[in-house]
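Trainee: One-letter residues, chain by chain:
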Amino acid sequence: NAGVMQNPRHLVRRRGQEARLRCSPMKGHSHVYWYRQLPEEGLKFMVYLQKENIIDESGMPKERFSAEFPKEGPSILRIQQVVRGDSAAYFCASSPRYQGDQPQHFGDGTRLSIL
Amino acid sequence: GIQVEQSPPDLILQEGANSTLRCNFSDSVNNLQWFHQNPWGQLINLFYIPSGTKQNGRLSATTVATERYSLLYISSSQTTDSGVYFCAVELGRNAGGTSYGKLTFGQGTILTVHP
Numbered sequence: 001n002a003g004v005m006q007n008p009r010h011l012v013r014r015r016g017q018e019a020r021l022r023c024s025p026m027k028g029h030s031h032v033y034w035y036r037q038l039p040e041e042g043l044k045f046m047v048y049l050q051k052e053n054i055i056d057e058s059g060m061p062k063e064r065f066s067a068e069f070p071k072e073g074p075s076i077l078r079i080q081q082v083v084r085g086d087s088a089a090y091f092c093a094s095s096p097r098y099q100g101d102q103p104q105h106f107g108d109g110t111r112l113s114i115l
Numbered sequence: 001g002i003q004v005e006q007s008p009p010d011l012i013l014q015e016g017a018n019s020t021l022r023c024n025f026s027d028s029v030n031n032l033q034w035f036h037q038n039p040w041g042q043l044i045n046l047f048y049i050p051s052g053t054k055q056n057g058r059l060s061a062t063t064v065a066t067e068r069y070s071l072l073y074i075s076s077s078q079t080t081d082s083g084v085y086f087c088a089v090e091l092g093r094n095a096g097g098t099s100y101g102k103l104t105f106g107q108g109t110i111l112t113v114h115p
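For the record, the sequence lines run as chains A and B. With the working numbering applied, the first sequence corresponds to residues 1 to 115, in that order. With the working numbering applied, the second sequence corresponds to residues 1 to 115, in that order.
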C-alpha cells in the first residue's frame with residue numbers, strides 16, 4: 001500500500017515566484033493536514049482539510065498561503081510571492097477520518113529553498 | 001494552546017546503551033504519537049499511544065494520560081537510532097473542541113549514538 005506521497009521532494013524558487021506543493025493521501029484517507037518545519041525546529045500545524053473543505057486554517061499565515069483539497073486529485077499547498085523566510089520543510093499527513101482515534105500518517109516532505 | 005515539552009533536548013550514547021525520552025503535556029489529549037526523524041529528514045511513525053504501553057522490537061512507549069506524560073524507551077541502541085525524536089499530541093475535545101485534528105509537536109530530543 002502506498003503511503004502519503006508528496007512531490008516534489010525538493011523545490012527551489014527565487015524570491016517573488018510561486019511554489020506549489022502536492023500531497024496525495026493514503027488510499028482511503030479523506031483528511032489531510034499540512035505542517036511546516038523551519039530549520040532546527042519542530043513541526044508546526046498549518047491547515048486541516050477534508051475533501052473540498054477547509055476545517056481549520058489557524059496555523060496558516062494570512063497572506064500569500066492557501067491550501068485546497070479538491071474532490072479529485074491531490075491536496076495543494078500554494079505559496080505566492082515567496083520570501084526567504086518561507087524556506088522550510090513542508091510535511092503532509094493524512095488520516096481516514098477525524099483522527100481522534102486514528103494516527104496521522106506522514107509523507108517524506110517537500111524541502112523548499114528560496115534563493 | 002497546549003504545551004508539549006520534551007527532555008532531554010540532547011542525548012549522546014554509546015552503541016548498546018539504553019535510554020528513556022520523556023514528553024510532558026499540559027492538558028488532556030485525544031492522541032499522542034512518537035516519531036523518529038532520520039538524518040534524511042523523513043518522519044517515521046513509531047507509536048500511536050494515547051494511553052497504555054506498547055512495544056515494537058527494541059522500542060517501547062508508555063503514556064500515563066492522567067499524569068500527562070509519555071515515555072519512549074530505546075534499548076540496546078544502534079547507530080541507526082540517531083536522529084530527532086518527536087512527541088506530538090492532539091488536544092482532547094473536552095479541553096478545547098476547536099483544536100481537534102491538529103497535532104502539536106514538542107521541540108524534539110536529538111539522539112546521537114556512537115559506535
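Be aware that a few hints might be false.
Listing some non-contacts, in silico: residues in chain A with all C-beta distances to chain B over 12 Å [claimed, not checked]:
| no. | residue |
| --- | --- |
| 1 | N7 |
| 2 | R22 |
| 3 | K62 |
| 4 | G85 |
Computed spacing ranges between beta-carbons, pair by pair [to be verified]:
| no. | chain 1 | residue 1 | chain 2 | residue 2 | range |
| --- | --- | --- | --- | --- | --- |
| 5 | B | P39 | A | E18 | 38 to 44 Å |
| 6 | B | Q55 | A | R14 | 46 to 52 Å |
| 7 | B | Y69 | A | I55 | 26 to 32 Å |
| 8 | B | R22 | A | R78 | 36 to 42 Å |
It is worth saying that the hints were derived from the structure and are not from the lab. Heads up, the beta-carbon is just placed ideally off N, CA and C, and yes, glycines get one too.
Trainee: Next, verify each hint and record whether it holds.
Mentor: Going down the list of hints, with the structure as the test:
Every beta carbon of chain B lies more than 12 Å from that of A:N7, the smallest distance being close to 15 Å; the non-interface claim holds. No beta-carbon of chain B is positioned within 12 Å of the beta-carbon of A:R22; the least distance is around 17 Å. Taking the minimum C-beta to C-beta distance to chain B, about 17 Å, the non-interface status of A:K62 holds against the 12 Å cut. With 12 Å as the threshold on Cβ separation, the claim that A:G85 sits away from chain B holds: the shortest Cβ distance comes to roughly 19 Å.
A beta carbon spacing of about 30 Å between B:P39 and A:E18 contradicts the range 38 to 44 Å that was offered as a hint. Separated by about 49 Å at the C-beta atoms, B:Q55 and A:R14 satisfy the suggested range of 46 to 52 Å. At roughly 29 Å, the beta carbons of B:Y69 and A:I55 sit within the given window of 26 to 32 Å. Checked against the hint of 36 to 42 Å, the C-beta distance between B:R22 and A:R78 comes to roughly 38 Å, which is consistent with it.
The structure shown violates just one earlier hint, number 5.
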